[in-house]
Amino acid sequence: MKHDLIIKICMGTGGIASGGLDVMHAFRNQLGKKSIKADIKKHCSMHKVGCRGLCAKDVLVDIILNNVKTTYQFIKPYMVERIIEEHFINGNPVLEWVVSEDYHQFHDNQIKVVLSDCGIIDPEEIEAYINAGGYDALRQVMLTMSPGETIETIKKSGLRGRGGAGFPTGLKWEFCSKETSAQKYIICNADEGDPGAFMDRSVIEGNPHAVIEGMIIGAYSIGADNGYVYIRAEYPLAVERLRKALQQARKHKFLGKKILGKEFNFDIKVKLGAGAFVCGEETALIASIEGYRGMPKAKPPFPVYKGLWSKPTVINNVETLANIPYILRNGAEWYASFGTEKSKGTKVFALTGKIRNSGLIEVPMGIPLREIIYDIGGGIENDMAFKAVQTGGPSGGCIPAKLLDIKVDYESLASVGSIVGSGGMVVLDENDCMVNITKFFLQFTQSESCGKCTPCRIGTKRLLEILERISSGNGRDGDIKLLEDLSHDIKATSLCGLGQTAPNPILSTIKYFRDEYEAHIKEKKCPAGVCKDLLSYIILDQFCKGCGACKRVCPAGAISGERKAVHKIDTQTCVKCGACIESCKFKAIRKG
Amino acid sequence: MPNLRIDGISVSAPEGTTILDAAKSADIPIPTLCHHPKLTPYGGCRLCIVDVKGINRPVTSCTTPVTEGMEVSTTNPEIEKLRSTILELLLSDHPNDCMICEKAGDCTLQELAYFYGIRENRFEGERRQYTEKDDNPFIRRNMEKCILCSKCVRICDEIQGVGAIDLTYRGFNAKVSPPFGKDLNCEFCGQCVAVCPTGALTGKMWVTKGRQKDIREVDTVCPYCGCGCSLTLHIRRNRVIRVSSKENTINEGWLCSKGRFGFSFINSPERLKTPLIKEKGKFREASWDEAFDLIVSKLKKIRKKHGPDSIGGLASARCTNEENYLFQKFIRAAVGTNNVDHCARL
Ligand SMILES: Cc1cc2nc3c(=O)[nH]c(=O)nc-3n(C[C@H](O)[C@H](O)[C@H](O)COP(=O)(O)O)c2cc1C
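Protein chains in written order, with numbering that gives the first Met the number 0: chain B, 0 to 591; chain V, 0 to 345.
None of these hints come from the bench; they were simulated from the model.
Since the model is a prediction, treat every value here as computed from it, not as a measurement.
Heads up, a few of these hints could be off.
Said to hold, decoys possible - In silico DSS-like links for lysine-lysine, alpha-carbon gap of 30 Å or less: (1) Lys281/V to Lys480/B; (2) Lys310/B to Lys37/V; (3) Lys490/B to Lys23/V.
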């Protein structure tokens with residue numbers, strides 16, 4: 000049946016948090032009214048769609064009226080009536096609510112593979128995925144290709160693991176396929192514990208069937224008959240959609256016994272994680288599924304030889320698996336045509352921080368960082384100066400402004416002391432203190448360390464303590480050297496990737512922002528004005544008009560002064576909350 | 000059988016042997032705190048790191064199997080520096096109270112700190128502070144001294160099959176604990192105490208009774224049951240103050256709570272040291288000869304009057320095999336009946 004009027008409402012976690020459900024109810028209520036012509040009701044269909052990336056402009060609503068698409072941004076329930084009235088009935092879109100140029104700029108500079116159906120199809124309807132070409136790849140693989148040929152295609156595509164380490168996916172599958180074992184497993188790693196990362200969550204919320212199809216193809220290739228999706232319980236919407244999708248896939252006989260009539264049985268279980276970052280590490284993840292405390296084990300043996308329940312096991316990231324159907328549908332050459340010599344294809348990044356268009360983006364590997372920040376991201380918020388971008392989360396590093404033209408791929412980022420990692424990208428501006436940012440990441444790794452190995456358990460604690468004393472004005476001569484030495488030793492001796500990479504944020508910020516560390520230690524100053532213990536607030540006599548605004552907002556009663564006379568801040572009582580600065584109309588208060 | 004070189008010495012070891020074990024067989028020492036030969040390799044303390052040619056980072060010798068042609072270096076300035084940092088980190092979170100620690104002189108951590116000459120510590124910082132609780136008569140847990148080697152957790156799970164403790168919490172606050180932070184409530188076999196490399200786990204009844212250097216060891220057999228576990232009594236001033244067991248024994252060094260903690264009867268004032276004969280409803284002390292004479296005369300009398308099958312013998316599980324053999328021989332040959340049994344079947 001052909002619909003003339005299609006309404007698509009962004010219903011990822013971001014869309015729902017911005018009120019997507021209310022907007023949907025509003026459409027339903029308004030369209031249900033008697034005054035709306037039956038004609039419109041009959042030809043109208045409404046769909047939830049997943050994240051299309053630009054969460055900053057939620058709730059986003061697409062109206063496709065007679066094949067013409069109009070996208071609205073920041074939609075609230077009260078706006079719905081007018082849209083129906085003017086747009087649906089009279090055929091005139093409400094221009095003032097239609098997305099602006101930057102929405103298109105954000106999308107036009109991306110290349111979408113993994114996200115190509117996200118935000119377009121209804122993730123809760125398997126038919127929507129099938130109509131968009133979904134499960135064609137599975138059919139093609141199972142009816143026309145041997146497992147070996149499938150693996151060969153993935154190898155040729157150059158796809159590398161998107162979970163962080165960048166290991167060639169085809170090769171991993173090949174190792175596992177060559178193992179002889181009555182039982183093998185494929186696991187989808189949807190733990191996604193990096194702060195600021197929401198790529199995998201959005202893929203599962205927006206297009207769960209692509210992940211499932213990728214897993215089935217992987218299982219067929221390596222000879223697995225059981226699969227697990229290890230997903231954190233903090234992702235309730237993703238879990239719900241995944242479970243729904245699994246049921247639908249079973250109904251359509253893509254999962255279960257004799258899939259597509261072939262001698263191939265495969266099913267997928269969902270295992271909820273309790274939200275430990277370290278459980279994303281593959282051996283810890285396996286321990287967690289087995290019912291043990293999630294702690295990494297020494298490798299070798301690698302999971303492809305001895306994984307879940309000691310059986311050969313392939314573990315792949317969500318994004319890695321979601322790429323698989325598209326690669327097989329469009330061919331290895333097509334996929335390999337994106338990216339660089341060694342980093343093929345596209346990568347999804349979670350662009351956050353001080354960036355105008357924060358959200359989810361997908362770009363070809365090797366794209367210059369500048370294009371991501373300025374063409375897609377629309378530049379820095381409030382026109383502040385760009386300072387650095389932190390990539391790879393707690394395992395990564397900071398790339399300073401002077402390296403803005405670097406290409407974003409595995410090799411280039413590694414060469415400057417950072418990593419692609421799983422795809423977090425936090426943009427920092429001149430108001431960010433690098434010592435403080437680093438402290439944040441160390442707090443994270445320290446509290447997420449599993450405690451098994453000494454350097455990670457105690458070493459990261461000591462790193463954090465040194466950073467804390469630096470940012471509180473108690474830094475000592477030699478602290479930078481101590482940080483570097485301990486970082487080196489922790490990297491060299493830690494058991495798993497968590498500890499081995501935990502010092503990276505320190506080393507890269509010392510490398511590019513050593514002067515900031517020195518200012519904290521030697522001059523007891525925080526140049527960005529962030530570290531509270533190093534700040535003092537003063538009122539500049541020449542600008543103060545004695546209006547008393549600051550005195551009224553000060554929660555600590557630290558400001559004194561007669562009306563119309565110059566005011567003063569008692570630095571002993573001041574709690575450095577910054578309320579006075581915001582209240583002063585005459586820019587008479589300075590922090591430094 | 001892979002052939003390899005460790006510090007220039009040729010070694011061959013069976014497939015699957017770890018570098019640590021291969022080195023041990025060649026008498027090359029590698030420090031470790033978390034390894035135990037009977038437990039699953041752990042790789043937690045990181046002290047046993049070695050360099051392997053062709054691998055760009057140190058590997059833990061306790062978890063890495065040997066391969067043909069492998070070239071291992073167990074000691075060089077970089078490796079020793081890394082080990083020293085690890086020890087410094089451990090000591091930065093360890094109470095500095097070797098003076099009053101039960102384990103002093105027998106503590107692997109203390110030993111390593113001595114050999115690595117660690118006195119100053121670059122990483123002074125917060126230490127974990129815990130209050131001791133555990134209302135049981137056997138095991139004292141001083142978790143501030145715990146270095147998280149997890150030997151206790153593994154022995155409880157893998158050898159004892161009990162799983163009374165596990166690691167809890169994360170990061171710096173990781174801690175070995177019974178479920179929900181409650182008091183220990185287990186079999187109290189004390190296997191965990193036996194493998195603890197520091198003073199974190201000790202026996203409550205040992206406290207201030209004497210350190211390892213003060214004791215004389217006497218090997219004996221446990222009197223509690225027919226298993227016949229080998230015991231080593233730790234004796235100070237002619238009193239048993241502690242019991243352990245050696246690894247190369249029939250029981251592989253493992254003991255149960257009776258063997259390990261049940262030795263206080265030795266010096267108990269209530270302990271029977273001579274036979275007692277009951278006369279007019281009251282016991283009096285007697286000599287062995289007198290007691291035996293009485294038994295012989297009574298048994299003879301009964302047998303004469305009622306026949307040998309009126310007599311039965313029941314032996315104790317606390318007797319040794321040899322004693323039990325003699326007992327049944329006595330009942331069968333001397334008394335003349337097959338009415339003989341033993342309580343260990345119960
Ligand atoms: C501390 C730590 C956390 C990790 N977290 C994740 C994660 O959340 N998701 C993920 O896919 N991989 C994570 N990894 C990487 C996995 O160990 C593994 O390499 C990956 O799942 C393999 O899949 P891929 O080859 O498709 O990338 C983590 C690794 C470490 C050391």
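Hints versus structure:
no.	hint	in the structure
1	Lys281/V to Lys480/B	83 Å, violated
2	Lys310/B to Lys37/V	23 Å, holds
3	Lys490/B to Lys23/V	27 Å, holds
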